[in-house]
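Chain residues, written in single-letter form:
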Amino acid sequence: MLLSRALLRRHTVLPGFDLALGFALLYLSLIVLIPLSAAFLRTFALTWPEFVEATTTPRVLASYRLTFGASLLAALLNAVFGLVTAWVLLRYRFPFKRLVDALVDLPFALPTAVAGIALTAIWAENGWLGRWLPFKVSFTPLGVWVALVFIGLPFVVRTLQPVLEDIDRELEEAAATLGASRRQTFVKVILPILTPALLTGFALAFARALGEYGSVIFIAGNMPMVSEITPLLIITKLEQYDYAGATAIAVVMLVAAFALLLLINLLQAWSRKRQGGL
Amino acid sequence: MNTAVASTLSAAGPAAAAPATAAPATAAPAGVPPRAIRDATAEPRWVQWTLVGLALAFMTLFLFVPLATVFVEAFRKGIGVYLASITEPDALSSIRLTLIAAGISVPLNLVFGLAAAWAIAKFEFRGKNVLLTLIDLPFSVSPVIAGLIYVLVFGLQGWFGEWLRDHDLKVIFAVPGIVLATLFVTFPFVARELIPLMQAQGIEQEEAARVLGAGGWQTFRRVTLPNVRWALLYGVILCNARAMGEFGAVSVVSGHIRGQTNTMPLHIEIAYNEYQFAAAFAVASLLAGLALVTLAAKHFVERRVRRELRDGLPE
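Top to bottom, those sequences are chains A and B.
Here my numbering is used: the first residue of the first sequence is 182, the next is one more, and so on.
Here my numbering is used: the first residue of the second sequence is 112, the next is one more, and so on.
Think of the hints as simulated: they come from the structure by calculation, not from any bench.
Keep in mind it's a predicted model, so treat the numbers as computed, not measured.
Where a beta carbon is used, it is the ideal one built from N, C-alpha and C, also for glycine.
Please note that the accuracy of each hint is not assured.
[Unchecked claim] The calculated label-pair distances, taken between Cβ atoms and stated as ranges, are:
| hint | chain 1 | residue 1 | chain 2 | residue 2 | range |
| --- | --- | --- | --- | --- | --- |
| 1 | A | LEU242 | B | PRO155 | 46 to 52 Å |
| 2 | B | ASP422 | A | LEU242 | 55 to 61 Å |
| 3 | B | PRO200 | A | LEU314 | 52 to 58 Å |
| 4 | A | LEU200 | B | LEU210 | 29 to 35 Å |
[Said to hold, decoys possible] Using 30 Å as the maximum straight-line C-alpha spacing, the simulated DSS-like pairs for lysine-lysine come out as follows:
| hint | chain 1 | residue 1 | chain 2 | residue 2 |
| --- | --- | --- | --- | --- |
| 5 | B | LYS188 | A | LYS454 |
| 6 | A | LYS317 | B | LYS188 |
| 7 | A | LYS278 | A | LYS369 |
Isolated chain B, as found in the complex:
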């Protein structure tokens, strides 16, 4: 139980707890000035500033500069070129396809995440740890391989290749393949956010609801769902960000047919390789904006989850 709480908090990140550690952990013993204790367990000033400087330099070089680059390059040729780049037909069709892929894969993975989390967090059963590992499996598979395996199943030389061709159905180099590849790479996101939180929350509230006469669905809808709504929201946001941004897996199954099977990341690649840098960065800036919204949502949801874990639940 304790480890479950710890892992939830770790998933929720440390931002909110930082101020707590700043306070001295123990009161100073009589006669010893608090300052002496603080000095004995803190680094000298110059060490502190050196470490902060190193961390900031590292973060600036590898995070801030790349992020700023996206927006600077996108607007380098002016707002007119920017708007033209994101409203030309190929860009629009890539945006539409990206929305379709995310619009299908996020709800499906949401349903899976809820089902898996309900089974794993509310019941004790054999093989649970194996299931947990399997759910995380897509995270350790290279996106390129995620695309490849669907080619092996649905491609022309694949298991169902001939059958699909005979029935005039296309999966690979078509929208269904893109959806499948997106489903695979975004598979764990919702489950992963929900499971540790639901494990930490335990089953007392659901049991109470049942004893008081609530039905199964009623318990789930009125007790479980409200308890996990923020984590659910964050899982969906993360899942969506990855679904819209996936490149490697989609690249393998898409076939890069312009105006038909290009998602936004693939459109960026093609524009970039044709030296249309402003166009590539313009579409890239849309996805970078989505990334920033995702980070902001994470920050917000973490604070809510922390507060609810602290205040809202009985021990």
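Pulled out of the complex, with its shape left as it was, chain A reads as follows:
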């Protein structure tokens, strides 16, 4: 009764609000909110200088550079090829199109450890493709990047597809009638409509890559200062019973993740407004 009286905006004949919301809030608190707050509360046990020291040692800084850099570059590649893939899937006919469309989601469904060993088998020095390459992929930052491209692949395609589907072809016809070339139409008419969704997909892929662990650690080789990602560093600290250090780094990553989540929500609101306005 309390919840419905305090929160409901208008009267309704449907029952079960208190029970449903009450259970949802309780479960959310127990499984997500209280454990997550443990990370922040544990960090308050550190003084500020201790926190700064734990989160800015050269090894930690190198892991940030690798994690953020490789995630950014992977999201960039996914933005470009995601746009191409979404475009051809909606606009053109070609063989195996439905199969390709269905398999775009594979990185969501395939367990990360499975992806990790498969990518390593391909790109290792004696791997399927790795043996033909003049440079090393596994055990280098390049290997980290390959894994992050894989796990970020669906995001841009799947955020672009519904927007691309909604574009009114009359807009393009109007542009053509007014004398625009196909390239001009794409750059000045289609791309501006796609921009919010493209940025959203990019941010989603980036956010996912930042926290990724399973698909990266096999191919990365995990050499400190070279190919050691931040999530792995957290595990390493835990295994050395350095709980404070592990938690401090985790808080840095959590803050980055939450900032990105906020950005993604804003981008999605922008995207909806842009779509609604058309």
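Start from chain A and add chain B according to the hints.
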């Protein structure tokens, strides 16, 4: 309302609508051959083929080849080694633990998903957007951190560490920790599938049922549940796939005790690190098979949801 429908469709994916866009959007004005209009709003042939080629090359390199690798490597040493790899005691115990973890976490998250979706989709209340964001929160938390937070709560140095030790209970490095970590990472899946669909469906049918004298549970069971059954099924399938495949979070809380706290992904890691590649890929192929079943289910459910949204519901 419109945005809710759009987001449902976006979650449902574009596969089914692709043919619709292939048809010309407008009839050609008199005197202009349709072909000219089509040419003016389409790319030259060579551009089309280049783009298709690029997309296929990208997908082949980053999706098809890794997927094929799993199965080729699994069967490289023959079917005998494959069968032996998935039936050895450690592999079997990892399969059992994975089934236990998924068997507990999927039903719990299903109940949560239904409760959250009922509250969010059928009522207007303050703080709804905050709740929606909080439900998605586990997706933006690194799996490693998901494991870490449970160590901070239940580990030996954690909040309840001493109490648990005094009562001879084990959460971390034991099955309960694995279940908790799995619950966290699979938390949003069912809710996320249900909420946009139930928002799009509105409350008219439930209101009608109530007015006609149906009780609360009756309305839920006979009206709401049948309306969302496909999305529910898909949410459960996704939740299950993630529960069985989770690696990072489970890895932090498991302690890797062979035959006791190893799930299938952890078993894969250990076998791989011991250079038993055929064994690692054999167990991996089971999970890859599950991933393919998940994708097929997605494809099937999307078509059903689309059709029901189009035909089945009053405006």
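Verification of the hints:
no., hint, in the structure
1, LEU242(A) x PRO155(B): 46 to 52 Å, "holds, 49 Å"
2, ASP422(B) x LEU242(A): 55 to 61 Å, "holds, 57 Å"
3, PRO200(B) x LEU314(A): 52 to 58 Å, "violated, 39 Å"
4, LEU200(A) x LEU210(B): 29 to 35 Å, "holds, 31 Å"
5, LYS188(B) x LYS454(A), "violated, 56 Å"
6, LYS317(A) x LYS188(B), "holds, 27 Å"
7, LYS278(A) x LYS369(A), "holds, 28 Å"
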